[in-house]
Amino acid sequence: MDVINGLAQGFGVALMPANLMWCFIGCFLGTIVGILPGLGPAATIAMLLPLTYGMGPASGIIMLAGIYYGAKYGGSTTSILLNMPGESSSVVTCLDGYQMARRGRAGAALGIAAIASFIAGSFGIVALTLVAPPIAAFALSFSSPEYFALMFLGLALVVLLSGESLLKGLMSLLVGLWLTSIGTDLFTTQSRFTFGQSSLLGGVDFMIVAIGVFAIAEVLSSIKDREETQVLPVPRGLRNLLPNWAELKACRFAFFNGSITGFIIGVLPGAGSSIASFISYGIEKSVSKHPEKFGTGVPEGVAAPEGANNADTGGALVPLLTLGIPGGGTTAILLSALVLWGVKPGPLMMQDSPDVFWGLVASLYIGNVMLLVLNLPLVPLFAQILRIPVFVLHPLIFGIAIIGAYSVSGNLFDIGLLAAFGLLGFIMSQLKYPVSPLILGFVLGDAMERALRQSLIMSQGELSILFSRPISAVMLAIAVLILLSPLLPRFRQMKQQAISENG
Amino acid sequence: MRARMIMPTCLALTAAVAFASPAWAEFKPTRPLELVVHSGPGGGNDILGRALIAAINDAKLSPVRIQINNKVGGGGASAAAYLAEKKGDPNVIGVFTSVWVTNPLAQAEANVTMRDLTPISLLVLEPAVLVVRADSPFKTINDVIEAAKAKPGTLKQSGGSVLARDAVVRQVLMSKTGARWSFISFPSGGERISALLGGHVDMMVIEPAEAGELIRSGKLRALVQFTEERLDEFKDVPTLKEAGIDVPNVPQPRGILGPPDMAPDVLKYYEDLIDKASKSPGWQKFVRDNLLQSKVMNAKDTSAFLNEHEKEMRDILSGAGVKLVR
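Same order as they appear, the protein sequences are chains A and B. Under the working numbering, the first residue of the first sequence is numbered 1, with each subsequent residue one higher. Under the working numbering, the first residue of the second sequence is numbered 1001, with each subsequent residue one higher.
Pulled out of the complex, with its shape left as it was, chain A reads as follows:
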């Protein structure tokens, strides 16, 4: 049993007092970084990298990885409390998390986010421990046509996200697809919709769109509605601040869904944790008995994406540790950190540096428990933020949003964009256009366009490449089913009639 021996060795490394301390420091810093919008784990790890030169690879990677997954825990905090995503993977958490907070269930939403993160995060780590090599092989079988089908499936979920009017949902989606096409086209280096601005050549950053249409728009709306005297209700007493049994029960499937979806999408180098969180939210809604309540503050709408973005961590470490392939910016810098310490990440890392490999894996188990213990007691504390009077809170939100937007790229231009997206979100909410299709279109559109063009280059222009491969065919079929699902209620009625007649 290689795995058991390896894990035993790993816990031997990870449980050394110094490494326990580094793990805690990493998780703690990660939580803070996650809470602060704009400041991401990649930038933090890059800043702290020089401090780890003298630490030795095992301690170093244990601390830096703690920042990586700790940030996923913290990201939901401002999503829930301020409608302002702390990380791109927590954008979708705004939809139901903030609505829960508005109904006085902020503590419950934060608690559910922490519990979902713990359950799905642990699942991701167990899966990383047990099935890393076969799942890495699966990830490699995924190519552009499969990515296209995955993104198409995600977009099909818009039908479910669009709220009351399908037409308004689709228009919002089109705006999102347009926004994501701004910038330099990778295939031809043509610039699209840049209006001669060199600041737009790199496209628009997702965090700026999300902070604008969620947080800024929300503040503008509440100013317009003159909510100045109305402070959000925060119940007193610890029991009322934590999720109750009914809320946890509602999340049963979400914990499972978030774990699986997050891990599988996390393994794919061409998708990220924001895509994972959106797709698990969509799946959650599509299987729900009350999909119409999504967006009004249902606990499973928090549990599914928060679970998915934490299971994603275990998934993203699979190609990094088994093949030396980074799936995103944060894993790329972890990779360069390993190289810096003289560890060679790749297929031979498990043999060459078992102490680093297994030490890291074991520390993930420990770190996940630490994060839960660290985060749950903070819930009542964070919930108090909502007691801040509006005349303080609103300028505070503006301030954090502006700092966050600036720290993403260091361009003043982006603050102008933030204001524009805030206005856009405000106008959309006044005209009752849902913003979630816009966000979804923005996240998936770019990846989907790329995957389609890559597929067509591969097949020399044959569209059949999209349907002739099994994984992509199955996903496209599910997407078509979802698109036809508005017809389902009628079908369900007929079925229920049939059942009641039989029974």
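Source of the hints: derived by calculation from the structure; they are not laboratory data. Values in this document were obtained by computation on a predicted structure and should not be read as measured data. Worth double-checking, as some hints may not be accurate.
Stated by the list, open to error - Here are the simulated DSBU-like cross-link-like pairs (lysine-lysine), alpha carbons at most 30 Å apart as the crow flies:
id, chain 1, residue 1, chain 2, residue 2
1, B, K1087, B, K1276
2, A, K344, B, K1139
3, B, K1279, A, K344
4, A, K344, B, K1028
5, B, K1295, B, K1311
6, B, K1156, A, K344
7, A, K344, B, K1276
8, B, K1323, B, K1156
9, B, K1060, A, K344
10, A, K344, B, K1285
11, A, K344, B, K1219
12, B, K1241, B, K1156
13, A, K344, B, K1235
14, B, K1087, B, K1295
15, B, K1323, B, K1176
16, B, K1149, B, K1311
17, B, K1086, B, K1219
What the hints assert, rightly or not - Derived, one-sided and incomplete: chain B residues facing chain A with beta-carbon distance under 8 Å:
id, residue
18, G1040
19, I1047
20, R1050
21, K1071
22, G1073
23, S1078
24, P1152
25, K1156
26, S1185
27, S1194
28, A1195
29, L1197
30, G1198
31, R1216
32, V1322
Backbone N, C-alpha and C fix where the C-beta goes; we use that ideal spot for every residue, glycine too.
Could you slot chain B onto chain A? The hints should help.
Same frame as chain A, now just chain B:
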């Protein structure tokens, strides 16, 4: 700002005593320096910049702190525009790479060229190798060329933007040999390698450090290296010339540059700093670990090198059908 006020004095002095000016007239930074990189944390230039700063700190070469400033966007255009705004500022320098040269050629919005900025020092050239999957039928680069000639357009190479070095190498090889194969762009290195490992494409032109472990573990095979001489780590892989294809190697340079109108004493200071840093043990270890080729040049030679590089790229890109705007 003090540096700017003493600049005229300094100029006069330098001219009078030909670089033997007393210490008080030389530029010496008094506030933290900014090192601008065009990639986000974890990107190639960001990692190189941080390694350079670490090497400088270890060797105690700078009296002040140096901090990274990530000006992401537009494949270098945002960082170049930012540097151009800092005209004459002695406290800002940046890391350049090949895209700083090629981007302005192809994009009208990227309107800051290397000629507008002040090249300080070339640091490294990144070698490259052409790799295939270990179970690929291709054993040599000539197998690839023959197969591509037999069925034009069916072989596939994964890579980055069409301005990137891997695309340029393909272009050079195709126009020399008359073979044709397609090029599929992926935004991240991870996706490019995955496409090759998964068998969805046939080959890739890659930096040796990125492919090293996959070659060592027997998942990939290197067919040819785009270097003048064989790298130590790839002793049994022929260079392009040895494989019988006589084309210039397309370099991937990385180095340091400054904003426009850099005063001569400031330029001299940074030239010296980079020269000393490049000899420090920390930097040499970084170069070794990442299988880079150290190539340090002074400011004058770097400018000449970049001019030549631009000319070369202009020819190759226009030959590849990329629409050039300058």
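Quick rundown of the hints versus the structure:
no.: 1; hint: B/K1087 with B/K1276; verdict: holds, 25 Å
no.: 2; hint: A/K344 with B/K1139; verdict: holds, 26 Å
no.: 3; hint: B/K1279 with A/K344; verdict: holds, 25 Å
no.: 4; hint: A/K344 with B/K1028; verdict: violated, 39 Å
no.: 5; hint: B/K1295 with B/K1311; verdict: holds, 20 Å
no.: 6; hint: B/K1156 with A/K344; verdict: holds, 28 Å
no.: 7; hint: A/K344 with B/K1276; verdict: holds, 28 Å
no.: 8; hint: B/K1323 with B/K1156; verdict: holds, 23 Å
no.: 9; hint: B/K1060 with A/K344; verdict: holds, 28 Å
no.: 10; hint: A/K344 with B/K1285; verdict: holds, 15 Å
no.: 11; hint: A/K344 with B/K1219; verdict: holds, 15 Å
no.: 12; hint: B/K1241 with B/K1156; verdict: holds, 23 Å
no.: 13; hint: A/K344 with B/K1235; verdict: holds, 20 Å
no.: 14; hint: B/K1087 with B/K1295; verdict: holds, 27 Å
no.: 15; hint: B/K1323 with B/K1176; verdict: holds, 21 Å
no.: 16; hint: B/K1149 with B/K1311; verdict: holds, 29 Å
no.: 17; hint: B/K1086 with B/K1219; verdict: violated, 47 Å
no.: 18; hint: G1040; verdict: holds, 6 Å
no.: 19; hint: I1047; verdict: holds, 5 Å
no.: 20; hint: R1050; verdict: holds, 6 Å
no.: 21; hint: K1071; verdict: holds, 6 Å
no.: 22; hint: G1073; verdict: holds, 3 Å
no.: 23; hint: S1078; verdict: holds, 6 Å
no.: 24; hint: P1152; verdict: violated, 11 Å
no.: 25; hint: K1156; verdict: holds, 6 Å
no.: 26; hint: S1185; verdict: holds, 5 Å
no.: 27; hint: S1194; verdict: holds, 5 Å
no.: 28; hint: A1195; verdict: holds, 6 Å
no.: 29; hint: L1197; verdict: holds, 5 Å
no.: 30; hint: G1198; verdict: holds, 4 Å
no.: 31; hint: R1216; verdict: holds, 7 Å
no.: 32; hint: V1322; verdict: holds, 7 Å
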